Every structure is written in C-alpha cells, then in structure tokens.
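Engineer: Modelling step: build the complete structure from the supplied sequences, incorporating the hints.
Chain order of the listed sequences is S, C, L, W and P. Numbering (our numbering) for the first sequence: 1 to 499. Numbering (our numbering) for the second sequence: 1 to 100. Numbering (our numbering) for the third sequence: 1 to 541. Numbering (our numbering) for the fourth sequence: 1 to 634. Numbering (our numbering) for the fifth sequence: 1 to 167.
Heads up, a few of these hints could be off.
Straight-line alpha carbon distances no greater than 30 Å define the calculated DSS-like cross-link-like pairs of lysine-lysine that follow [claimed, not checked]:
1) L:Lys443 with L:Lys164
2) L:Lys500 with L:Lys164
3) L:Lys443 with L:Lys381
4) W:Lys556 with L:Lys443
5) L:Lys500 with W:Lys195
6) W:Lys32 with L:Lys381
7) W:Lys219 with W:Lys195
8) W:Lys32 with W:Lys469
9) W:Lys54 with W:Lys556
Coverage of chain S stretches by chain W, computed from C-beta distances (three or more under 8 Å per stretch; other residues unrestricted) [unchecked claim]:
10) 164-175
11) 219-230
12) 233-246
13) 279-293
No lab work stands behind these hints, which were simulated from the structure alone. Please read these numbers as outputs of a predicted model, since none were measured by experiment. Don't be surprised by glycine CBs; every beta carbon is placed ideally from N, CA and C.
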Amino acid sequence: MTNVTQWVAVIPTAVLGLGGMVLALAPRGEERIPAFGALALLLVALSVPFLFEGGYTAGVGASGVLNAGLFGAGFLHDPVTWFFTVLVLTGTLVVVAMSFGRLKSLGISSSPEYYGLLLMTSASAIVLVGAGELITIFVGLEALSLGLYCLCGSAVSSRRSVEGALKYFILGSFSSAFLLYGMSVLYGVTGSTELAVIARELVSVRQIPAIFGVGLILVGVFFKLGAVPFHFWAPDVYQGAPTPVTAYMASVVKAAALAMAMRLLWNGFGHNEVAGWWLGSAWTVALLTMIVGNIVAVRQRNVKRMLAYSSVAHVGYMTAALLPPGARAAGGGALLFYIVAYSVVTFGAFAVTMAVTGDRVDQPSADDISSFAGLSRTNPRIAAAMTLFLLTLAGLPPGTVGLVGKFYLLSVVVQSHFVGLAVVAAICSAISCYFYLRVISAMYVQQATDVTPPHFVSPLGTRIVIGSMVAASIILGLTPSFVHNRAQAVAHGVFVRQP
Amino acid sequence: MERIHTILAIAAITFAIGAVGVIVRRNVIVVFMCIELMLNAVNLSFVAFSQSVGNLTGQVAVFFVMVVAAAEAAVGLAIFIALFRTARSVESTSATELRL
Amino acid sequence: MALLDGFPLLSALVWLPLLGAIVLYAIPGGDSPEGQLRSRGLALGFTVMTLILSLLALSRFSSNQPGYQLVESFRWIEALGVRYELGIDGVSLALILLTTILMPLIVLSSHSIHESVRGYLACMLVLETAMLGTLVALDLFLFYLFWEFMLAPMYLIIGIWGGKRRVYASMKFVLYTAVGSVLMFVAILYTSWMAYDQAGVQLPSFLLGDLLHARFTLQEQIWLFAAFALAMCIKIPLFPLHTWLPDAHVEAPTGGSVVLAGVLLKMGLYGLFRFGYPLFPDGAAVFAPYLAALAVIGIIYGACIAWVQLDIKKLVAYSSVSHLGYCVLGLVAGTSLSVTGSTVQMINHGISTGALFLLVGVLYDRTHTRLIADYGGIAAKVPVFATLFLLFTLSSIALPLTNGFVGEFMILSGSYETYPMLTFFALAGVVLGAVYMLTLYMKTMYGEVNPAREGLTDIRLIEAVTLAPLLILVFWLGLFPQPLVDLIEPSVVRSLQITKERSHVLRESELTREALIPEDMAPRGVLMQKQSEYPSRPMSL
Amino acid sequence: MDTRQVITSLDPALIPLAPLVGAAAAYGLGRKNRVFSGVIATFAAIVAFALTLKGVFDLAPSAIKEAHLWRWFGVGQVAFDMTLRLDRLSSVMCLVITGIGSLIHLYSTAYMADDEGMPRFFAYLNLFLFSMLVLVLGGNLLVLFIGWEGVGLCSYLLIGFWFRNLNYCGAGRKAFVVNRIGDAGVLMGIFLLLKHFGTVDFLLLNDRLGEAAALFDPKLAAVCTLIGFCLFIGATGKSAQLPLFVWLPDAMAGPTPVSALIHAATMVTAGVYLFARAHFVFDSAGAELGLIVVVVAALTAFISATIAVAQNDIKKVLAYSTVSQLGFMFLAAGAGAYWVALFHVITHAFFKACLFLGAGSVIHGCHHEQDMRQMGGLRRLMPVTFITYFISTLAIAGIYPFSGFHSKHAILASLGQSPNSLIVASAPIIVLIASVTAGLTAFYMTRSLVLTFFGSYRGHAHPHESPWKMTVPLIVLAVLAVIGGIGLEHSLPHYLEAVLPRAHAHESLAPIDSLGASWIGVLGVLIGVFLYGPLASVPPAIAKAIPLLLRLLQGKYFIDEVYQTLIVRPLEGVSRVLWRGVDQGVIDGTVNGTAEVVEVSGELVRTMQTGDVRHYALYLFGAIATMVAVYLVW
Amino acid sequence: MSVTIAILSVCMLISAVSVVAARSPIVSALALVGNLITVAAFYAAMNAHFLAAVQILVYAGAIVVLVLFVLMLLNVKGEAGKKSDFILRVGAAIIAGFFLLTVVPIWDGWLGLSNLSAPEGTVRAIGKLVYTDYVYCFEVASILILIAVVGAVTLGRRARIPNIASE
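Structural biologist: Below is the structure:
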C-alpha cells in the first residue's frame, strides 16, 4: 500500500480546512467571491474521492477492515469513508448553493466567514466519518459541533438564532462531556482507544464498567442523531437556525452522526455478547423516537419545527435498522441508501421553505403552515415540488424514493426478527401522512388569504437546488439500484466481518 | 492501589456535581463553568486510567480535551456575549422564545 | 398482429394516461376558456386511446390459455429482488375494461368543473395510471406501489374540487386506507422474506410466481392474511371499516364519486382474489366464515341505513356498501360460480352505481343541492331523466334482464352451497334493496312538483352521451353476460385450483418449523408466537 | 307424460315478441298522437292472441314447442338458457292472457281516452303482457323468474301510473316490495333445486325427480317439501294469499283496466300456474305441505270474504273477492287437482274481468266516483253494464248454469279425492269453510249489485252508458262467464290430460242436482237482495248493535296496521339508531377517538418542550441516568 | 501518599461545590480556579508532569481569565434573588444521586487491578506519542481551533442594533 494513495484520502479535509480559513479572510463587501470560492474548493475536494478511489480501499487489508493506515487508526481508508465523504461534500455543495444570495435576507451580515465556517465544519465532518479511534472521533465531533454552534448563531441580529445557538451549545457540550466520560471508562477497561482493539478486548473484559462505558458513548451518539430521549434540542435549534444551516444539520450532520454510530455500534461493539448489552436500550430508543417523532409533529403549526420532528421520526426508522447486528451487510446498505434519499428530500423541503418565507425572516409566523396557503395558485411549480418532497417523506408513491427507502430499511428490520418494530414503524409512517398532507392541503385546498405575504422570487441558487432535488428524488425513486448497489458493496466491505 | 480508586470516585462525584450545576444554575456563564468542571473530572479519570492501564494514551487524550475545552470556551463566550446583546441578560430563562 | 408482438402493450396501457397528464401540463395557458376546452379534449383523447389499447389487449387475450398473458418483465431493484412484472388474466382484464370504459365518461362529465380544470383532469389521468397499474402488477412491490399511488390523486380530487367538508373527508379517506395498507406493507416484507430462505429462492423476491412457493406455518398465515385482509377490507369497504365511504362520496365531485365507486372499491376485492387467497390459503380459510358474516351484516346494515338517509349521494354510498357485501360473500364462499359471480357483480356495480352518481351529478349541477327534501315530483319536469334514473335504479336493485341480477344470482346460488344460512339473510338484502331505492325514486321523482324545482331543465346532449354507453352495458350484460363470464371463469377456476393445491402442499409438508421466534433480546416479544404443531382444519374451500 | 316430443319452433318466441314490439311502438309513436298508441297496443295484443291460436292449433297432446334462444349464463356444469316452451298447459294460460288482454286493451282505449299519459299507459300494459307471457312460456324456473319480477315491475308502474298522488305511488311501492318478499322465496326455491338437482329446467327436473322417486330416495320428500314451501311463499306473495295479500287492495289505486287485467285475471294467477308447472315438486313433497297450502287458502278465502262484506268502495269489494277466489284456486292446487285450479282460474278470469270492467264503466260514468253509497239506480241509466254485471254476479255466486258453479263445485269435489291423505282427512272442515265463504261471496256481490244498480241514484253526477268500446268487451266477457263453465267442464281436463297429473273430469251432475248444489249461492243472493232491498234499515241496525265487528271488518282486521307497527316502524327506528348510533357514534367515534388520542398524546409530549435549556438538560441527565441504571440491572 | 490524596480530594470537592453553589459568578470563577489547581496537583501526584503544567497554563491561565474578563465586561451581578425553581433543583439532585449510586460501585471494581510500570508523563514521552500515533488528531485539533476563532469572530460581529454594553 504505497504511501501516495494514503495521502490522497486526507486531501479533502486539508483542502476544506485551509480553504475555509482563506475564504474567511475574503473582503466582506461582495458575497460572490466567497461563494464561488467555496464552490470551487468543494469541487476540488469532490474530485479527489472520485479520481483516486484507490486511496479509500487501501485500508481494507486481508485481515479485515481496521488495520492501521498511514495515520494509525485515526483515519480509516475504507469505502464507508469514501461514501460519506462524497455525501458530505455534495451536501455542503447544495447548502452553499442554497445560501447563495440569501445571506442578507437571512440576517447573516458577514458572508465570507459564513462560507469559511461551512467549509471547515464539513472538513471536520469528514474527519468524524473516517475516524476509527476514540480521541479522533471526539475531536472531530467537537470541531463539527463548534462549527454548528457558530453557524446557528451566525444570524447575530435575530434573537431566535442566538437562542438556538445557546441551547445547542450548552446541551451539546453537556452531552459530549458524557460521551468523553464513556470513552475514558472504555479506555480504562480495554487499555486502548482504537476501535479494533476495543472490539477485541471488550469480549474478554470485566463486564460492568464496560457496559457503563458503552452506555455513555451511546448517549453521545443518540444525542447527535437526535433520538428521542435526547432530542429536545432539535426542534428549537432547527427552528432558530437560519434555514440553510438547518438543512445542513438535518442531512449532512445527521449522515456524519450515522457514520459515527455505525462505526461505534457495529465495528466497536458489534460482537454478539457485546451487542447484547446495548440492543435492549437501543430498541427502546428506536421505538420511542418513531412514536414521539410522529405524534408530536401532528400538532406542529410551524413548518420548520414539523420538519424537525419528521427528521426525528426518520432517525427512529434508521435506528431500527441500526439494531440488527446480524444483518449488518443488508442493514448497512439500506441505511446508507436511506440517508442519501432522506438528505435529498430534506434539502428540497428546506429550500422550498426558504423560498416561501422569502424576506420575512424576522416575523415569527414567517414559516408557519399558513404562509403556505394557496401556494399552488401563486407559485405552482414550487408547490408541486413541495408536494413531491412531502409525499416522499410520507412514503406515498409519487415520491417513490421514500417508499423504496422504507422497503429496504424495513425489510432489513423484518429479516432480523424485529417484526414488532417494523409494524410500529409502518403505523407511524401512516400517522405521518396526516401532518405531511396537512401542508399539501394548505397549499392546494386553502385559498391564498390576504394575510399570506406576497411570494417573493427566490434567488437563482434556491431554485436550482429545488430543481435538482426534484430530479434527484425522481431518478433515485425510479432507478434506486445504482446507489443501493454501491451502498451494499460499501457496507459489505466494512461491516460484514464478524469480529 | 486504592489511590486510583479514590481518584476515580472523586472524579465521578465532581462530574455529578458539575452536571447538577449545569441543570440548576440560571446564569449561562456559571453553567459553562460547570461544564468545564465536568470536563476536568473526565480528564482526571483519564489520567487515573492511563496510570492503571500503563500507557500514555490517556494523557494524550487529556491534552486534546484541553484543546477542545479552550476552543469551546472561545465559542461559548462569544455566544453569551451575542445573547447578552440581543436579550439584554445572561439568564437562560430569558432565552425561551423557541418552544412548543 | 405480428408487428404488435414486440410492442409492450400493458406498459403502454398503464403509462399512457400519465403521459397525458404531463402533456396537459406541458401546454401553457391552462385556465383560459379555450385552454380549458383544449385540456378537456386532450384528456378525452388520452382516455379514449387507453380504451382502445385495452380493447386491443382484449383481442389478443385468449381466455383458455393457462397462466398470465401479455407478460412483460424486467429486473428493477435486484437488491430486493423486485421485478417490473406486468401480466393480466381474465379477472384483471375485466376490471381494466371497466376502468377504461368509465374514464372517458368521467372526463365527459367534468363539464361542471370550472376552476383549474387542467389540474382536475391531470389528477384523473394520474389516478387512471395508478388503477391500471394495480390491476396489471404481478410483483407484490409493484402492486403495493400502485396501490399507494391511488391515494395522492384521489386525495387531491376530493380535497380541491370537493364540497364543504372536503378537507375532513379527504384526510379521513387517506388516513383510513393508509393505516390499513401500511400493515399490508409489513406483511409483504415478511412474505418476500419467507420466500427467500425457505424455498431456496436465491434472491428475496416479490414476484407472485416465486411467493407461491413460500411455506408458512398456520400461525404465520393467519397473521399475514389478517394484515392483507385489513388493507383490502378497508378499501372494499367491508362492514365495520366503511365509515370513510359516505364522507368521501358526499364531498367528492361527480367525477370523483364515479371513479371512487366505479373502480377504486374493486381494488380491495381484486387484491384479496389475486394475492390474499393464493398466498395464504389456510389463513384465508380460518377467516372465511367471519368475512362472510361481516359481508352479510354489511348488506343488511348498508341497506337499512341507506333507507333513512337524507342526502342522495350518501344513500347511494351506503347502497355501495350493501352491494359490495354481496361481492365479498361471493369471493369468500370460494366456489367457482360464486367467485365468478362476484367478479361479474363488481363490473355491474361499477356500471350501475357509476351511472347513479352521474345522474346525481346532473341534478347537482342544476340545483346545487343533494338533499332528498329539496326534490319531489320532478318526473313531470324531466321525463327523460326520470326514465334513465328508473332504468339504473332497476339495475341497482337487480331486476332480471338488467346486469345487476346476473351477478347477484350467481353470487347467491354459488355461495348457497358454502354458507346456506348467510345466503338466506343476504336474500333479505335483496328485498331491502328494493325498499330504499324505490323510496328514493318515489320521494324525488313522484308526488307534487317541488315549487323550488319549477325551472328544472331536462338532460342535455352531453349528459345523455355520457350515460348512453352505461345504459347499453346494463342491458347488454343483462341479456348476454356469457361473453363476460367466459372471460372471467377460466382465470377464477385456475386461481381456486392454485389456492387448493397450495393449501395441500402446505399441509402435507406438515411444516413444524416454528415461526421465526426472535432470538434477539427485544424486551417485548415479537408478534409471532411459537407455533408448535400444525392444526389440520378441514378445508372448507 | 313420458311420451313428450320436443319440437323446436319459433312460435313461443314470437308470442311475447308481439307485445314487446307493441310497447316500444306505442311509446315511441304515441308521443305524437296519443290515440294512435292505444290502437297499436290493442293491435299488438290481438296479434299475440292470433299467434297463440296458431301455435296451439297444431299442438299434439304431449307435444312441446321449444324455442332455445341463447345461453344466458353458465359456470362449469351449472348453466341457464333462455328457453321458451309452448305446451298444452302454457297454451291455456296464454290464451287467457292474450284473449282477455286484448279485450281490456280495447276497453282501455276508451277508458283512458282523456288521459294525457296514454302512450306511457299502453306501453306499460303491453310490457306487462310481454312479462306475463315470458312467465308462462318460461322453459326453466329462471326464465319464469324473469317474467315473475317483470310483472311485479309492471304492476308497480301501473299502480303508480298517476304519480302526482303520492299515496298511489306508495301503493305501487308496497306492491313491489311485498312481491319482492315472495320473489325471495322463489329464489330460495331455485337455490335448493340447484343444490339438490343441479338444474332448474322443468323437463330435466321432471326426469330427475322421477328417477329419485324410483329409487325411493328417503330425503327426496323432505327436500321437495322444503322446495315446495319456498315456492308456496313466492306464490302467496304474487297471488296475494294470507300473509302477503295486503298489497292487492291498495293496488286498486291504479286505473281500473289495470286492476281488471293484472289484479284479477292474469298476474295474481301466476302463483297457481307455478303450482301447475312445478307439480312434480308438490306431488313428491310430504303431505304436510299440501295441508298447509289448503289451510292457508281456506283462511284467506274466508277472511277476505268477511272483509269484502263491509267495504263501501266497489273496487275494494272486487279486490277482496279476488283474494277470496284465489283462496279457492289454491284449495284445488293444494289438493293436487291442478286442472281444477286452472279451471277456476279461467272461469274467474272471465267473470271477475267482467265485474271489474263493469265497475270501471260505472266509475267512468259517475266521473271517478268509487263509493257505492254515492251510486244506486244505475240499471236504467247503464243497461248493458247492469246486465253484464248481473250475469257475472250470478256466475261468481256459483249458481248453476253459470261458469262459477262448475269450477267451485269441482274444487269442493277435488278436496275429497285428493291423493294427499291429510287433506282428505280434513276435507269436511275445509269444505264447510269453503261453502260458508261461497255463501258470503254471493251475499257481498249481490250487496254491491243492489247498492250500485238498484234503488235511486244518490250521487250528484249524471251517469251515462259507456261507449261501445267499453260495452263490447263487457258483453263478450259476460257470454264467456255463462258458457265457460259448461264448455270447459269436460274439454279442459281432456285437453290437459297429457300435461297435468290426475287431469280427468268428474262425472257431471244432472241439471236439477246442480241447481240443488248451488243452493248456497242462491241463499246468499236472496239474503243480499232482501237486506239491501226492502229491509234496507236492517244493515245499519246490525252495524249499531255490534259496532266492534263493523269497525273490525271495515278496518280490514287492521292487518296493515299490524304489519306497520310490527315490521316497518321498528325497522325504520332500528335503521335510524344504526345510522346515528352505530355508524356515526360507535365506528366514527372510535376512528375520531384514535385520532384524538394521537393528538392529545402529541400535545402532552409537546408541552415538555418548555424552551428553557435547563429543563432539556434535566431530561437529558434523567434519560442518561435511567439508561445506565437499566444497563446495570439487565 | 494517601494523606496528600485525601487533602486534594477534599479541596476538589469543596471547590466543585462552591462553583455550583456560589451566589456571585465571580466567586464561582475563583472556585473553579481552585478546582483546576487541585486537579493539576493530582496530575503531579500521578507524575503526569507535562499535563500538570499545561493545566495550570492553559486552563487556569487562559480559559478562566477569559471567563472572568467576560464576566467583568457584561458586568453580571449575582443571581437576582430567587433561586431557580424548586423542582429543577430537587430533580437534578435525585438524578445525580441515582447516577452516583450506579457509578461509584463500578470503581471499587478496580481494587484488584495492579498497575504495571506507571509511565512517566514527561513532555518527551507525550510529545513522542502525539507526533507519531496521534499526528492526524493533532491536525484535526488545528482545524478545531481555526473553527473556534472564525466562529467567535462571526458571533462577535456587531449586530445591526447599536451595542449597549456600556450601560
């Protein structure tokens, strides 16, 4: 494994990190420079995984996945990292496109810093995705979180954005303290921070402290994913943060958190006895997340809060697929496909919400369902796009990608004997039809009352994003195989090995 | 050998105190300080574990945790100042516009 | 027809209406008067073309050839083993013809819709695609996809162009069907999984062909059939699960009611016939008596409630509950005569109730009210309408020489062998049927002319043209039903045969493999209990 | 019976075709010229009559002309064809239907002359002829059923012909629904036949029952009893026997020709025809069935006769008399003497049609006045109507030379010689009831005769004799009423010998003995004459003496009210409860209830979201603590 | 040896409690400094000398000073009278107790564990380790700090409404 290919895998992180810093120094006046700079950097970073795929498969040695790459266990050169790097980069690309031209109206005064921060946060997300060792995970996670706290609070003038940042900061650091404590216990028990070593040691180690350590780590993971007992931050932060940042958090950050969860739960604690410890509580968390996510969303008036709770619900479905250590290969593939599909639709939905709220960001009822009233008459194309996204989230066929994703996910859940969970997931997705359709009925059935603000023409960036997301969801819906096969291969390569 | 045990116990207790502090106090800056307290407790247990395990990884971890804590302090305080600017106070009770 | 051999007829049939919907939106200038006219013309064109395609399919369909015909199949999602597999047999072809005949009439009847006509017609075309897809899909996944695809356009049709309580009605319609079909979703997953590791089928497959080799224990069959039956019985609608129908009908526009009563209700029965029975024969046998009992209760319950209704559309809706109770009784009785009768009655109900809703639409366009009290004695004012209404009423109460009688007689005589007592009570339904329909006819048509209805104008040409084909069908199927019966019967006999064989295979294998008890430590046991031995219950098929 | 030859010919198909074409033509062409529709319809009826004659002309005793039109529908070995068969039995019925039908059509052209709905009326009348002919000519029970419900429909349409008046429509609906209840019985019979014998074709059934009887199949009797009973329910529905006769009196709401044709001559006799056609079922059925039929028939006859006595509306009197005479027919049918039943059908058709048409011309004359108390003294003003009415009254009273006597006498005789042992045992009582009824019949008919035609005219219209189109049919029918009895007494059994069992003539009594045998009729007439002639004050006195009896009779034993309170009202009440209570209350309640539960629980969890960071931290810490504890406990 | 540990643990607990319970934030800041120094002493006791030095320098020196600076800048007076609502405090206390109940017994599990060669936490040893195995982590830490800096700047931007800190 020549060194050159190893270096390649680190390039995206470096490019984004340094690039972000340079962008932050750009002059504040003109927004176009930092925006196009960010796009260029992202494209460069994106070209790396596609051109030098070798860099990512080097890590998969004969003995299995986790042999140390150039940077020790810190960076894993395996297809999962490749898959998530691509996902994070494309996600960031879309967020940059979404926020182009809208920063002023969103209340973000300094655009270069915003784009710089965005790039650097994505860099840390890539670190987190590829981390195979506890300390790197922690640092990557903290870097990601700090970036998000700042991005949330970037609309400094708006009280809600700062409040969101505050809440996210306090709860984030509070939960990462627990995560760290878990890591320390695990280190104390197994003697090393590398996941491979931990996985080997955990089987033969004294149980009680190990369980305590695993439990606490699980807390940190579930907090970041937004699973129910730890989800209380999600609605407020999603509503408070500027919409592109919310979109970023709902898709890219969730994907990174999912990658962390997969690595920790499957590679770290994947062995059958070890899995036994955390399976019970994870099962309960999945159940609660599905139910609470859907039930509370039913009462939501604000679209962003509703989308927040819907993302909590979808995390519930994903956690259900996380459970079965037995069907990891299939489960992995299903999860990867689901997060891709979910990200596509979330970007679309938030882009439309942004287009609908227009420049009334500071008015409290700006993104209520009432502001969607009569959209089908004032702006039919966007209304049609939003209908497609909502139906996909609900899993009703015009949005076939949602249905296909659910099919993958729940077939894995059923095949690992969690039929009860699958039934609950199914019923919850039926309940979810209610609040998704309520928005659609607002758009199509209710008349555009005079109170609904004039729909202002959103900048080119947002419209491109909406268009591309519609195209992506239709293509994914009709021919899901090209993504799912890749996801299957990726997961098979990394997770199927029974430690 | 019971040294490690006592240190770990103390760390755990301090950790719990820090946690209670985060929940109880209204002033966000004090909350931040309690979080620092919790991180310190974890650092202590890390060092204790590195003693019992016998390698220095624990201490490297503490090193990195300190870096993180520093960065966190910077960002945290910036947020508190922004909060003060918009909400005129540093009480967490004043920042409850986003709810239900 | 050599040139047509290569042509994927069924795919064309299914996707043509969707193409139409897209074309409708592609052409700009939707809502100007001539734009509306163009949309109506286009929509009519597409629906008529679909009808021609279905007639073409009929011409190339030979009823005595075993198995499914005009089959098209290619791999879609390998990971799940999902294949895009289309195929028809007698039963699905009959329902397809019903759909393609009704749709042009619905488009014609849309002259009373004035705001955003293009949207309405597009929804109808999309709905037609979904319905046709459901009828031709031979792959469970594809079937479920089209099955759910029907919800969205119907929701929009009721939601946007409906009456006052349309939001509640459309939401209730979607949620009712969604909750039911979601359980079927899990059952489909379980079935495809079972097919995977027991029959040694390499990839997990959703193909009906493969799934027919899957083996289940009785306990699994009961749960799986229960899930399927719940989804189907909500759609039919069977007695306790029917309360969405009256609301949906009352609030839906005329075209919406016709398509809902004409075709959508039949999807539940078709689903039970195509997937429910063959896949889980013993589970179905366990449920058969209960379904039959519910069907008969539904017949009498529907008839009684229809009798005291104040709103014409609600009355006709409850009459549908009663009529479809017969179809369920026929299907569940399981003799070739009763199942064929059930399918024939599905077609007849589609025609007669579709026509009744069109007639109510004619009245509603003029008077904008559906309450029986607002009418009275209008036979004098609108003689032609009165005659048509009488003829379709007769078809609805199954008078001999009309189509209603043929289906009903076959069902009752067929199901007499299996459930004598229930058939006796079903006969009471025949009498009650006459009661409420004639009461409706009397209260609206006869007696002194209602002063408010003085200026009522008789049927216009366009409305007559819409109703004429249905009238012809009523008497053509009443006098010469044998061609339709010959189309349906071979497929029914074959399907019953498959079901019987499968039931034997499952019982012979005395599979004592216990249901997949979960090894995991899930705190709450999974639904499937441990199934120790295989209770052999005499098959009542 | 076994030497029948089946000849395929188109005659049976043409006979019903004529009125069908007539109906279409009458409605189509009649819209332009009303009178024209009457002419076409009458012509169509006459053509049908001619065709029947042609068909019957070369019909050998056991020959059957069969027209197998097309395979209606069939699945597997169960198949139903559209086959029409003309044999001796159906030819008799066809002759009666088309013959009397033509006369009534002619009569109607005058009676309905001033009604603008004439085309619709004649179309329905022809449609009725078509349905009745299909019923009679039906080759299997299903084609019979087509006719069966067809006539039910036509009677509904014709009763509610003047649809302006909601009561008439109500009567029409009541007729249809009660008939439907009967039809359910026939359907049940068909299902039983299908289950046990696999076919409903009369010829095949005859053979299969023959084989089964030959094998002394034990359960054959039980099965046939059940089938017979179901068919009997159908017959009671159609021919207005005891439980289901309530619709016939109300059916008088229709125009009088309708009452004459449908509710006197043809439709109501369909039940008797069904007995005759399906005789093989009733013969091999158990004895109890015959007894039930006879008992029901006797009771019906007696009760309706008593009601008729107290009726003041001339058509109601005739309606109840029809129900009573139908009772007589079923006496014969129940006793197995099918040809006697048919004999009475024919004679009854003659004189009852004549009576109804007479009543019609009276009503026409008195400008739609139907209450006999407003009539009187019409014998001078309407001589022809009076004479024909008088002759028919004597016929129905069963006085010797007139046809009524022969058929009624044959019925009483047949009771004694019935193959059914139970009937023979109970013959004395039944003959007694029948005789009393015969007496009552004579009495109320004379009462109506006297009230209408004798004394002074009490009404305030100025009656006049009806035009020739109405009087000619009256005369023809009166003549038939006279010669019918003697003519058919011997020729009919001989004619039906090959088709019906036990079709042999009784030895006819000498004239004097016949006169003696008809003493009951004479007595009834005399009492009627005296009570309403010179001793006119006596009936009101009797009425005052026992007011309860009068109110009971006039109120028709309150059977209608009983049905209403026992069946209709509760059913409607239950339906309302089902709708409001079950449908909206229970089921919708649970549906909306679950939605409510979801909303409330959603609300509960939502309020946890207080917005205060500290609460979130508390929840977080709490969740962690429980999770860790659960871990360790597990 | 155990005496110093005992003293240090007592100081640790006292300072921790006072951070939480102190009425004015400045007092709790100072208590935090005390706590940090105690922890540094612990490090020294467990011969993690490099860490002890860094602790004093980074933690006590930089972070707490920054906190004090902000406290002064925002001129924050003590809690305005009423303590936070009762339920929270009771709830937190109960859960903390519950948490400790489960945690503490775990640590006595360590009694038996004998520590092998307790390594010297010298600068060279840690430096060697950081720059060989954890060099990647080191780079990521650099990105972390970069983010913190840029983030702090964005959050510090002058909001459109005039700054009123001077009041």
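Engineer: Which of the numbered hints above does this structure break?
Structural biologist: 2 and 9
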